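Chain A is fixed; fit chain B onto it per the hints.
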Amino acid sequence: MGEIRTEEMLMNIGPQHPSTHGVLRVVVKVDGEIIKEADPVVGYLHRGTEKLAEDLQYTQIIPYTDRMDYLSSMVNNHAIVNAVERAMDLEVPERAEYLRIIVVELNRVMSHLVFLGTYLLDLGAMTPFLYAFADREQVVDFFNRLCGARLTYNYMRVGGVKWDTPDGWLDDVKKFVPYMRSQMGMFHELVTGNEIFLERVKGIGKFDAETALNYAMSGINLRSTGFNWDLRKNKPYSIYDRFDFNVIVGENGDCFDRYMCHMNEIMESLKIVEQALEQIPEGPVMGKVPKILRVPAGEYYSAIEGTRGELGVYIVSEGKDKPYRLKFRRPSFINLQLLPQQLKGQSMANLIAILGAVDIVLGEVDA
Amino acid sequence: MEVNNNANQQPAYMEFEGFTQEESQELSKAGVLIGTLEQIKGWARSNSLWPLTFATACCGIEMMGTGAAHYDLDRFGIIFRASPRHADCIIIAGTITKKMAPILKRLYDQMPEPKWVVAMGSCATAGGPYVRAYSVVKGADQVIPVDVYIPGCPPSPPALIYGLNKLQEKIRLEAKGKKVR
Numbered sequence: 001m002g003e004i005r006t007e008e009m010l011m012n013i014g015p016q017h018p019s020t021h022g023v024l025r026v027v028v029k030v031d032g033e034i035i036k037e038a039d040p041v042v043g044y045l046h047r048g049t050e051k052l053a054e055d056l057q058y059t060q061i062i063p064y065t066d067r068m069d070y071l072s073s074m075v076n077n078h079a080i081v082n083a084v085e086r087a088m089d090l091e092v093p094e095r096a097e098y099l100r101i102i103v104v105e106l107n108r109v110m111s112h113l114v115f116l117g118t119y120l121l122d123l124g125a126m127t128p129f130l131y132a133f134a135d136r137e138q139v140v141d142f143f144n145r146l147c148g149a150r151l152t153y154n155y156m157r158v159g160g161v162k163w164d165t166p167d168g169w170l171d172d173v174k175k176f177v178p179y180m181r182s183q184m185g186m187f188h189e190l191v192t193g194n195e196i197f198l199e200r201v202k203g204i205g206k207f208d209a210e211t212a213l214n215y216a217m218s219g220i221n222l223r224s225t226g227f228n229w230d231l232r233k234n235k236p237y238s239i240y241d242r243f244d245f246n247v248i249v250g251e252n253g254d255c256f257d258r259y260m261c262h263m264n265e266i267m268e269s270l271k272i273v274e275q276a277l278e279q280i281p282e283g284p285v286m287g288k289v290p291k292i293l294r295v296p297a298g299e300y301y302s303a304i305e306g307t308r309g310e311l312g313v314y315i316v317s318e319g320k321d322k323p324y325r326l327k328f329r330r331p332s333f334i335n336l337q338l339l340p341q342q343l344k345g346q347s348m349a350n351l352i353a354i355l356g357a358v359d360i361v362l363g364e365v366d367a
Numbered sequence: 001m002e003v004n005n006n007a008n009q010q011p012a013y014m015e016f017e018g019f020t021q022e023e024s025q026e027l028s029k030a031g032v033l034i035g036t037l038e039q040i041k042g043w044a045r046s047n048s049l050w051p052l053t054f055a056t057a058c059c060g061i062e063m064m065g066t067g068a069a070h071y072d073l074d075r076f077g078i079i080f081r082a083s084p085r086h087a088d089c090i091i092i093a094g095t096i097t098k099k100m101a102p103i104l105k106r107l108y109d110q111m112p113e114p115k116w117v118v119a120m121g122s123c124a125t126a127g128g129p130y131v132r133a134y135s136v137v138k139g140a141d142q143v144i145p146v147d148v149y150i151p152g153c154p155p156s157p158p159a160l161i162y163g164l165n166k167l168q169e170k171i172r173l174e175a176k177g178k179k180v181r
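Chains A and B, in that order, are what the protein sequence lines are.
When we follow the working numbering, the leftmost residue of the first sequence carries the number 1, and every step to the right adds one.
When we follow the working numbering, the leftmost residue of the second sequence carries the number 1, and every step to the right adds one.
Same shape as in the complex, but just chain A (with noise of 0.2 angstroms):
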């Protein structure tokens, strides 16, 4: 027998590909099955975000702000308004503090929920896709009462919230966190133990804290290397000190903690929505703004901590009521620079392991 001769190959994986979650293209070359070298091609959903906003006013611009990260647009949301709030040093009512941390925590429950049906969808199951789908309509309906839109809700305002809670919002959010509860633990039954999923997912991409912090990671694929980097702990913004919730770190950096991180977040932010909802005070909801907001000329930049990352806003202003430069500091796009290291020397199989774990939205990374 002689010795099997192996010949390098270039492989195209999307733009249209099920398992790139949108359009995302990476170009490898592979030997055999082994990957030598993997490059992501980013930019096919380019839509211009940071450019069109340069024409908009503030409130304008939070619509675009919804379509940049669509899985979770609420914090999107929360990122911009938080951001002109700060540079114009504005007062927001209690009651429309506590209504954003609510919608922002169930959107990041919305958004795990995402991660969890389509990364196994990836992985080869498809049926916790269909519970996770189904779970997550629910949250889509409160959103869906609360301002009358399923995935682009454009419900902040610089200075408050759009929309008061309709009658029995808040009871039935109240009777949605525990119930949520109790199919996580169906979730972790289903899933969590199963032997082909452990051997998918144990030990494959991993990469430490100091890779991570190099490469200006955050969010989850930081944490999951045992690095506590919480905004909402480490920097408080809004009134996220008033609450008691653990930051969820992971061990080993690999994809079975970042599957984990991103299930266990869901419980913390539960327990966030159960404590802002006995402690919601009644009053009004949008505070005393100026007809027209103009942010005092200046650099601005604030950051909070986006389902994927810290979401930052950078503002800088010439006094008008148009930003003279927006520009956002997208987790996804960041998180995805790690990835041809991450890729060299993998599996074909564990490419989609890896990609899928990283949880990138491409509307993010493109905006």
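Rather than coming from a laboratory, the hints here were simulated on the basis of the structure.
Computed from a prediction, not measured in an experiment: that's the story for all the values here.
Check the hints yourself; a few may be wrong.
Unchecked claim - Only pairs whose alpha carbons sit at most 27 angstroms apart, straight line, appear in this in silico BS3-like list of lysine-lysine: (1) A/LYS327 <-> B/LYS105; (2) B/LYS138 <-> A/LYS51; (3) B/LYS138 <-> A/LYS322; (4) B/LYS98 <-> A/LYS51.
Here is chain B on its own, set in the frame of chain A:
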């Protein structure tokens, strides 16, 4: 093949071309359907639409939501396929950028005939909120011909189901030789 309700409350029967009323009635009673091969093909095609998963942006999430347990597209015979060679319909769910347009064209060319196109959401219809962006194609119909437009940003799952039902209707009507715009 039109259902005809008799004035004197007779049971409904189908009127077949080239047959007298009595003959049609008799055939209907016997449970026989007569149509051209095209019509039967149209009926079959409309009830087993396999769309390509072409989710570029936000609408893709609603498309996934429509396919999942709550709205369940499977009951219309609509099952998503990942390869254009399996698909006979493409749902353009999301913004088409100038970088994406050649790929959309190529995917469309790779699909076997007959094929239909659904433009889901305002981005695929006319550019939507990004109509003024420098990198966005102002509607998918600038690249490939579109059969059904579904407005909304993003359209809700019922809207998508309605649009797909309209497409099924169009397929059946076209099979009858009727011109559908």
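Status of each hint after checking the structure:
no.	hint	result
1	A/LYS327 <-> B/LYS105	violated, 32 angstroms
2	B/LYS138 <-> A/LYS51	holds, 17 angstroms
3	B/LYS138 <-> A/LYS322	holds, 25 angstroms
4	B/LYS98 <-> A/LYS51	holds, 16 angstroms
Of the numbered hints stated above, the single one contradicted by the structure is hint 1.
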